[in-house]
Each structure stands twice: as C-alpha cells, then as structure tokens.
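Visitor: First to last, the sequence lines map onto chains F and P. Heads up, the first sequence is in this note's numbering, so the first residue is 770 and it goes up one at a time. Heads up, the second sequence is in this note's numbering, so the first residue is 23 and it goes up one at a time.
Keep in mind that a hint or two might mislead.
Result set (DSSO-like, lysine-lysine): computed pairs, CA atoms no more than 30 Å apart in a straight line [to be verified]:
1) P:Lys479 to F:Lys823
2) P:Lys333 to F:Lys831
3) P:Lys253 to F:Lys786
4) F:Lys873 to F:Lys795
5) P:Lys253 to F:Lys805
6) P:Lys412 to P:Lys129
7) P:Lys267 to F:Lys809
8) P:Lys488 to F:Lys873
9) F:Lys809 to F:Lys831
10) P:Lys175 to P:Lys205
11) P:Lys267 to F:Lys911
12) P:Lys136 to P:Lys117
13) P:Lys175 to F:Lys922
14) P:Lys267 to F:Lys786
15) F:Lys922 to P:Lys559
16) F:Lys795 to P:Lys253
17) P:Lys93 to F:Lys911
18) P:Lys619 to F:Lys922
FYI, nobody ran anything at the bench for these hints, they're computed from the structure.
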Amino acid sequence: MSSIKVKIKEKDLNTIKEICKSFDNKPGELINVLHKTQEKFGYLPAEVQEIVAKELNMSVAKVYGVVTFYSFFTMTPKGKFPISICTGTACYVRGADNVLQEFKRQLEIEVGETTDDGKFSLSCLRCVGACGLAPVVLVGDKTYGRVSPEGVKEILEEYKEI
Amino acid sequence: MTKYKTHLLVCGGTGCRASASDDIVENLKQELENKGLQDEVQVVMTGCFGFCEKGPIVKVSPDNTFYTQVKPEDVTEIIEEHIIKGRQVTRLLYKDPKKKETVADSKHMDFYKKQIRIALRNCGFIDPENLDEYIARDGYMALGKCLSEMSPKDVVDQIKESGLRGRGGGGFPTGLKWEIAAKNEADQKYVVCNADEGDPGAFMDRSILEGDPHAVLEAMAICAYSMGATKGLIYIRAEYPLAIKRLIIAIDQAREYGLLGKEILGTDFEFDIELRYGAGAFVCGEETSLIHSMEGLRGEPTIKPPYPAEKGYLGKPTNVNNVETYANIPIIINKGANWFNKIGTEKAKGTKVFALAGKINNVGLIEVPMGTTLREVIFEIGGGIKDGKKFKAVQTGGPSGGCLTEKHLDTPIDFDNLIAVGSMMGSGGMIVMDEDDCMVSMAKFYLEFTVEESCGKCSPCRIGNKRLHEVLEKITGGKGEMEDIQRLRNMSNVIKDTSLCGLGQTSPNPILSTLDNFYDEYLDHINDKKCHAGQCKDLMTYFVIEENCVGCTACARVCPVGAIAGEKKQSHFIDPSICIKCGACEERCKFDAIIVK
Chain F
770 MSSIKVKIKE
780 KDLNTIKEIC
790 KSFDNKPGEL
800 INVLHKTQEK
810 FGYLPAEVQE
820 IVAKELNMSV
830 AKVYGVVTFY
840 SFFTMTPKGK
850 FPISICTGTA
860 CYVRGADNVL
870 QEFKRQLEIE
880 VGETTDDGKF
890 SLSCLRCVGA
900 CGLAPVVLVG
910 DKTYGRVSPE
920 GVKEILEEYK
930 EI
Chain P
23 MTKYKTHLLV
33 CGGTGCRASA
43 SDDIVENLKQ
53 ELENKGLQDE
63 VQVVMTGCFG
73 FCEKGPIVKV
83 SPDNTFYTQV
93 KPEDVTEIIE
103 EHIIKGRQVT
113 RLLYKDPKKK
123 ETVADSKHMD
133 FYKKQIRIAL
143 RNCGFIDPEN
153 LDEYIARDGY
163 MALGKCLSEM
173 SPKDVVDQIK
183 ESGLRGRGGG
193 GFPTGLKWEI
203 AAKNEADQKY
213 VVCNADEGDP
223 GAFMDRSILE
233 GDPHAVLEAM
243 AICAYSMGAT
253 KGLIYIRAEY
263 PLAIKRLIIA
273 IDQAREYGLL
283 GKEILGTDFE
293 FDIELRYGAG
303 AFVCGEETSL
313 IHSMEGLRGE
323 PTIKPPYPAE
333 KGYLGKPTNV
343 NNVETYANIP
353 IIINKGANWF
363 NKIGTEKAKG
373 TKVFALAGKI
383 NNVGLIEVPM
393 GTTLREVIFE
403 IGGGIKDGKK
413 FKAVQTGGPS
423 GGCLTEKHLD
433 TPIDFDNLIA
443 VGSMMGSGGM
453 IVMDEDDCMV
463 SMAKFYLEFT
473 VEESCGKCSP
483 CRIGNKRLHE
493 VLEKITGGKG
503 EMEDIQRLRN
513 MSNVIKDTSL
523 CGLGQTSPNP
533 ILSTLDNFYD
543 EYLDHINDKK
553 CHAGQCKDLM
563 TYFVIEENCV
573 GCTACARVCP
583 VGAIAGEKKQ
593 SHFIDPSICI
603 KCGACEERCK
613 FDAIIVK
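Can you build the whole structure from these sequences, using the hints too?
Guide: Written as structure tokens, this is what we have:
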C-alpha cells in the first residue's frame, strides 16, 4: 500500500469506531462509512482502513478493494487548498488540458500529488456540470470559470498568502 | 400567508451559483428590506433555467422579464428601476445575436421557442426546497390519483401505453420493466433511482434533482405502488452536493406531509426512500454495478440474466430507472398516456433533455420533442457555433456514443435513428465541435476516459481499451502506420462483441464513428504527419515569420521554457528542441508573427 505511515491517536480511533457504529457496523454500509471517515480525516490511510475492517467484521483486503476502486476515495492527504480541474468533455473541448498542464508546471507536481508545503494538491474530476463556464477549475469549494492558462498564476496568487 | 405581487426567480443551479447567484439572492433580499418591499416582492431561488451560457439568470414574475448575466451589484438597479418604477433594465436583457435586438421575455427567445418542457416542467419555476410550491403545481396529485382511482395494474398499463422509454441510455420500455418487476413475487422489493450521472458533459439529471426533487420522489412512490415495493433508494454521485442537500430536504418534507412513510394519503400504502452515495465510478451507471455498489461492494457488473427485476438489490426484485425517466411519470399519470404518446416520433414518445455544451453559443440544458433534428438543436436553439467558426461534428451519447457530421444534421433525434447513424442517444450529453477540434484526439480523449473507468473485471474491456488507446497515442504522436487503422477496427469489434457490460460493449464507438466519418483525418495524421486542427502537439512546430516580427520581445518574455531568443527590435526565433508547444507566444504576439504548422 503506497500510503504514508500514520499513527492513529486514541481520539481518532474512537471517532472511527463511532462512525461505524452509527451505521450499525453493517458490512453493507462500507461505502457510507468510508465517506464519513474521509470527511473527518481528509483521506483514508491503510491504518484507518484496518480499523474500519475490524469494526465492520470484514477483511482489510475487501476494504482496500473498495477504497481503490472508487476515485472519490484517496489514500494520500490532500493539500490545504485542493485544486480540481474539470476534464469533462465540455471543458476538454474548451481547452482544459492546457490549463491542467499550466497548473502542473507552476506547482511542479503531477495529478494526484500534493506540494511539499502541503498547500496545494492537484486532481482531475469529470464534469461538475457548470459547462457554461468551461473550462472550470475548483479550489476547495470555490469555482473558477472560463480559466485560461494565463489565468492560472492569478488563481494561485490568491492563495499564496493565506 | 403573505400574498406577494411580484416574484424574483433567481437561478440556483450549480453553474449560476458558481457565478455568485447566492450573493444576488442575498443582495435582493437586503435591498427589498431597505425599501420596505419584503412583503410585496418575494425572492425565490429556483432550479436551473437551462440557459447556462448567459447565467446567472433573474426572472421577474408575472411579467416574465428575463435578465441575463446579472451581477450582485446590479441588484439595486433592478429593484429601483424595475420593481419601483416599472421600467425594464435594458442593459441586462438578452440580446438576440442575429437580429441585434433585445428580447425581454424568455418565450420569444430562440433558445426557448422550440422547447417543450415536460421533465423540466418545474425547473426554474418553483423553490425546490419548498414542498408547497411543488404541490401548487399539481405535485403529488398523480400519486393521489394512483392510490385512490387506479389499481397497480392500471398504473403499469398507463406507463406502457404512454410509450415512455428509459432516458438513461438504453431506451428500454419503462412500462415493460415495471411489469416484470411487478410480476416477480417476493417478500421485499425495491425501487431504485439511478442518479449516478457519470457522462462527462452531461448534467440533466443533476439539474432535475436540484430543481424539482419531489417529481422524482413522487414517481418512485408511484412505481413502488405499481410493483408492490415498500423501499426506495436513490443512488447519487457524491460530486453533486447541492442535489444531495435538496433531496434530503425534500425527503424530510415529504415524510412530514405524510407523502412518504406509513399510511400515505390515508391509505394502507407504505413507502420510504433512502439515499446511497456513489464514490466516483462511471461503471456504476450500469444497473448491476450500481446495485453492487449500493450493497457496499466494488461496483463491478454481473452477467444479465438474472435481471434486477428478478434478482436485484440484496437478491430481491428491483426496478432501476434513471432520474429523467422518473421525472416524466407524474405528468403522464396526470395528463394520461394518450397525451404523452402524441408527442415525439413513432418509436420514441415524449421529449428528451440534452445538455448542450462545447463550441456552441448557447450552452445550456434544453428539452425538445423526440424527432427534433440535430440542426434545429444546434443552430436554432443552440444559436450556432461560437465565434463564427465552422461546425465540424457533434458528439452524442458520451463515451459510448459517436461523432456525427454535417451530413447527419437533418436526422430526427430518437433512439433508433442515432444508432442507425453510428452514435446513440445516451443520457443526453451533446458536445459540439468546430474546425479547431481534432477528431483523432477526440477519440483518444474518450478512450482515456474508458481506460480509467473500466472496472477491470473482464479482459476485453480492461486490456482491449488500453491497447486501443495506445494505438491512438501512436497516431497522434506522429508514429502511426496504415496497419494501425485495421488494428483499431479489429480490436474495436472484438471488444464490442465480448465485453461483459455496456461500458465495454460501447467504448469503441468514438473510434469507429470517427473512422467512418473522418477517415481522411486519420490519414493526415498517419501519412502526412499533420494535424490540421492544430491539436496534436507532436505534429506541430511553431515558427516566427521574420517579416512580421518587430522584436518587441513579448513572446520571449511569455515563453515558459526560454525557447525564444533574439535581440530587441530584431526578429526572434524559436528553438524547436526546447519549445514545449504551449502556444503562449502565439497568443501574446500582436503582429501575427508566430504561426503553427
């Protein structure tokens, strides 16, 4: 498992247990449990998956299988400001790829990675449905529409000082 | 209850909210309060109006004035001029690009003229977070009619007679599906709504859920009554937070009003709905995958039969329909099957919602009767191609569909016609492309998507699509050979014939349809190593035209890799070995001195 080794604190352990309990520890609720857990911790490292598996009484392999199957779940922590570039067809046709390349170049990271200072992470997503604003970039919850490669620097500047 | 004279309807769809429609609502309310008008004018945040290109939209009711591209700072003017003085704010009205006149009323806009709104009937009219507004527009009347006047069989018969076919892509007759689910006896049955809209560039289901969530709940209850189910599940993408929020509100309100739960409308009919969240897997749009995902497993498909109607969620009979299909149900029950089946073509009844996007003037959500031609959709409703460029192709059906050209423009849109010309209806994404789009790259784009989204269970899809993608990489990278075309065709046919589910069975379509319709473009890439659309970077070189270059150094300054050299006031040149072909210099040059070949 290519994830960062983390030590789970007592408090976090209880949080995970509580989440599992709120779904009656049913194996069928695995995806809902993972959603809630990722919401709390920002990502799902192997150690967290082990606890979930134990609580829901299923194998770690099964949990890992589900985590890696769905693109929404991640095993690496996201940056303070997660950047998502829409690579849906409408955005692609209107030049999303050039925008993506520019983000990669400016941040010096690849898709799925986080900058060394933990500030920015880069991911692609498929269609946020704001096709009228294509190409679209999300930073956290904020949506930027009609982004051009030249506009990338400006967007990053906004977050540099925070 | 306050009786408002005027309503200000503000679009609360995802697109408009991204352009600050929340702030517009906030400012409107504040300004109305400042003027003491809060009891006369009501501000309502509605679902999507569809005209996303010109968003955010503010519509004034009852006079139907349609303001476009409104900014939060325009609010004072709208209140002072329109509401108080009764004068329209002309600068915010829609300007017809052809006639160069302003159009105040949406009914007279080309974008809306040819549309018939059935599934979207309430989007942009009602506050989706208020059940009373849905009821005021005949909401839950159909459910009442079913429970009090119709037997479950009557309901199935009505839907069968209406000719409604599944709007998620397959086009399977909905009434028939319900009938099979009704006939299978079991102690527990399930009604499922597929809201896992994974098609990139398609957002109709999301807009319906955001704009009219109760229509889907009501339809699911009707379906449950017809087949004898008591539990409903909505499988929705986690990427749709607003739709999720509105569904949760709607379900709570419906329970509170006794429209969900036990003894619905005073009868012994019982039905309740829960949400299940997707987690980003395109294949989960396939119904068996979706069911596995709802069970907490990897969303991998299984062979049909058994169909979900026999053995579905937790092994029980399950009916799965898509959001738009459900949205049609209440109105069919209310107005009757014979009203519905008069709309559309012989084999496809009713309307279809399309998400129109790409290089088109009016990006947005539209609903047209089946049988409308592609030309009407693109050139009349869509307002033609952006920046006066030439139409090249339209892609329908997403990653499972194909690219259609000029010669298909007069094809009336329905399930069978689109399949006959090598594409498909799909869930309703429609992406328009112009002369600057390379069709080989387009096919590659879709294959990239399929490779990423293939679940990996069956080898034709897992391995085959990867190989197809590699061949396309080779061609767009300038290393293609003529044998590659035959390779593409052979592999495509094998993958289509042998894949387990719909994803693999249709994934080669973008390649096959571009090979059929844009064969010359493949030849250009392979034989001449040229991409005339200028998209395949490996086949392009940037040049400075010496006579045009004045040596302003703008290009050298903008070049991210320092590939441009030259003295001030002297002609510059680009070192092709360093150039990454980003095109920044070409865009920056004011003297047309940089060209790409």
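Visitor: None of the hints should be skipped; say for each whether it holds.
Guide: For each hint, the structure was consulted:
1. P:Lys479 to F:Lys823: 27 Å, holds
2. P:Lys333 to F:Lys831: 23 Å, holds
3. P:Lys253 to F:Lys786: Holds, at about 28 Å.
4. F:Lys873 to F:Lys795: 41 Å, violated
5. P:Lys253 to F:Lys805: Cα-Cα ~23 Å, so holds.
6. P:Lys412 to P:Lys129: With Cα atoms ~28 Å apart, P:Lys412 and P:Lys129 stay inside 30 Å; holds.
7. P:Lys267 to F:Lys809: 19 Å, holds
8. P:Lys488 to F:Lys873: 24 Å, holds
9. F:Lys809 to F:Lys831: Answer holds: F:Lys809 to F:Lys831 is near 21 Å, not above 30 Å.
10. P:Lys175 to P:Lys205: 10 Å, holds
11. P:Lys267 to F:Lys911: 18 Å, holds
12. P:Lys136 to P:Lys117: 18 Å, holds
13. P:Lys175 to F:Lys922: 62 Å, violated
14. P:Lys267 to F:Lys786: Satisfied, since the Cα-Cα distance of roughly 26 Å is no more than 30 Å.
15. F:Lys922 to P:Lys559: 23 Å, holds
16. F:Lys795 to P:Lys253: Distance of about 18 Å is within 30 Å: holds.
17. P:Lys93 to F:Lys911: Measuring from Cα to Cα gives roughly 17 Å; hence the hint holds.
18. P:Lys619 to F:Lys922: 28 Å, holds
In this structure, the earlier hints numbered 4, 13 are contradicted, and the remaining ones agree with it.
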